[in-house]
Every structure is written in C-alpha cells, then in structure tokens.
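A.B. asks: Sequence:
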Amino acid sequence: MYLEHLEREIQMAKKLRAHLHQIPELSGEEMKTKALLLHFLRKYTDLDITDMGSWFYAAHREASATESIAFRADMDAVIGPEGKPCHLCGHDGHCASLAGFGMATKGLNFGKNLFLIFQHGEETGEGGEICSRILAEREDIRKIFAYHNLPRQQLGTVCLRRGTFACASEGLILQFQGNPSHAAYPEDGHNPAYAISSLVTSLPSLADPVNYQDMVRCTVIHIHVGEPAFGVAPGSGRVLLTIRGAVEQDMYKLKKQIIKKSESLAAKEQLAFSWQETDVFPETRNDDECVTFLETICAAHSFPTTYLEEPHRWSEDFGWFLKRIPGAMLGIGSGTEQAPLHTENYEFPDEILETAIRLWLTIACEN
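For this note's numbering, count along the sequence shown from 1 and bump the result up by 322.
Hints were generated in silico from the structure; no laboratory data involved. Certain hints may be false.
As the list claims (entries may be wrong) - Distance condition first, Cα-Cα at most 25 Å in a straight line; then the derived DSS-like pairs of lysine-lysine:
1) Lys354 to Lys365
2) Lys465 to Lys645
3) Lys577 to Lys465
Start from the sequences, fold in the hints, and give me the full structure.
C.D. replies: Below, the structure is given as structure tokens:
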C-alpha cells in the first residue's frame, strides 16, 4: 500500500530537481547543493540527518529493525561546453529522486533501518571511497543500492546486469625528464620526444585484448613536449592516459605494462622517468544475490526490465561501496533519443523520478 498515492512526493522531487539543476557544483564544491538538500529533508521528512561536512546521510531508524539497507545518490556536476559547471550527468535527478523517496518514508514502518546517502565527489572517484569507508565503520549496513540514468535505453526501464556494471579506470600521468639543448646541437641534450612517440605507438599492442580476461582500453588524453621555440630542443615531456578495464585486475596489468615500457624507453634515451595516478575508480561489480533480489521485485511489481549485455565503459565510484558492502547498481532508461551523458544537450528526464522513487520504496518494503 506504500506504493500508492505518491503524487506529492513526485511533484516535490520535480521541483527540487529543477532547483538543483540551477546550482551545479563541481566535485568537492557541492556546498549549495548540500544545503538545499538538507533544507528539503529537514522540512519534508522525519529522517535523522548526520552531517559529515562534504557530504551527509539521512536515516530512517526503527527500534525493532533486524537489518539496515542503504541507497546512494551523487551530488556533483561536470564542466560544461563553456567551461562552467553543468548537470550533464543527471546527478540532480539522482538526488531529487532519493529525497523524494525520503519523503515517502515519513511515518512508515519497514522492519528495517534505511540510510539515504548524498555523496560528494563522484566524478573524481574520491567521494565514494571516503563515504563508503566511514559508513562501513559507523553503521551496520547489509545491502546498498544505487542507480544511474541511462540514455539510449527505453524511458523508465530498469536495466540490470550481473558482474561488472561499470569499468574500473584511472588516469596515468607519465613524466619524462631529460636535458634541453640548442636545436642545432640536439646531441648535447636528451630529448624525451622519441621515448614518448615510441610509447604512444606501442599502446595498441600493450592493450591487445588477447592478453586480458575482458575488455581493456587505453586512451591518450594529453601530450606535452617542449615549447614553440624553434631554437630549443626540449628536455622534458609528459603523457596523460586514461586506462580502464571491465576486470579491475586487467586494468592493473595494463598499467604495469605501460609503466614497464615507459621505464625501458626512458632508460634507452637516458631520461629520468616518474609517474602518478589520479581519478582512481574501482570496477563497479554487482553482488549476484542482490541482482537476483532486484530481478524478483521488478517482476513482482511490474517494473519493465532489460539486461545490459556489456559493462559500461565509463566508471562509477559506487564501486568503492561495493568493495565493502554487498549491493548493486542498476540503470533506469532515460530515453532512446536522449543525448549521451556529459554532452551539452543532455538533461535528466523528470519522467523517471517516479520510477526511481517507486523502486526504492519497493526495495524498502520487501522483507
């Protein structure tokens, strides 16, 4: 019966999303977003709110609860085409639907504790690691769920996948340091351009799928060698790569091969070599029992469902939660004609707020 009469929650969620859409903030800067969400939850719910600074969670606690489950939404935006923050990934919708679900729990008994996590820093991979670690230490959560809206999937369809839902990825910064020289006497210096060009041309063979369990990718993001000064042969250079894999260990294997190759080329050209990683995302690997649970409730409550044949190449830091707590990430289709994520014409469709709120409420009601 809890699934009936959600018109007010759905309409309030739409208004909240419209407001969130107007105040996009980048990872680690989500203060206005957080403040708006806190105001909404304090005004329209009876949830117990724990403010963790950059992020927060809200709890529906019951004295007789026998288990605790959690739901997570991300708050940050991305850089838009004009260099300004924009909600081009739908995190405004993720938060609005979770807040609408929070409204729907008011005054109800589920026989369990419910935790609603509003997370910062998803786009950089930092927020999930922090939030998941702290929650695992503070609260005895036994299952956790999240969703991502999915363009090019039927509007409102629940998209399930066993195993890896989204790939592991990380950024690699490779630094080559030699010595500059006069361009007329290149033999007097050590120019990193040759090592860098050899490395870049070797990347396809290093990422040859025959050497890995599943899909891997290596994408060149940026190359910098020297300056536009025709009298100077450069002495330093760097390469930025993004590597990813459907299986996390494959990604680490690729990383090891790239670093080994870079070290070899640097030694050949008498260069110093160093590297660092950034924007680290683990694989988002769903718990099999949790996916079965989702299959069962979707079938029982007539949620339209489809199954994803491949993991998403993009990454999701919900994987940090799944390393510590059994759970699953699912997709909700945002329309076959919807523009891709992170593109200028994308916008979260309000129509799927209802699907998300009803699905979270259904999960909460199930024993």
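A.B. asks: Please name the hints from earlier in the document that this structure breaks, with their numbers sorted from lowest to highest.
C.D. replies: 3
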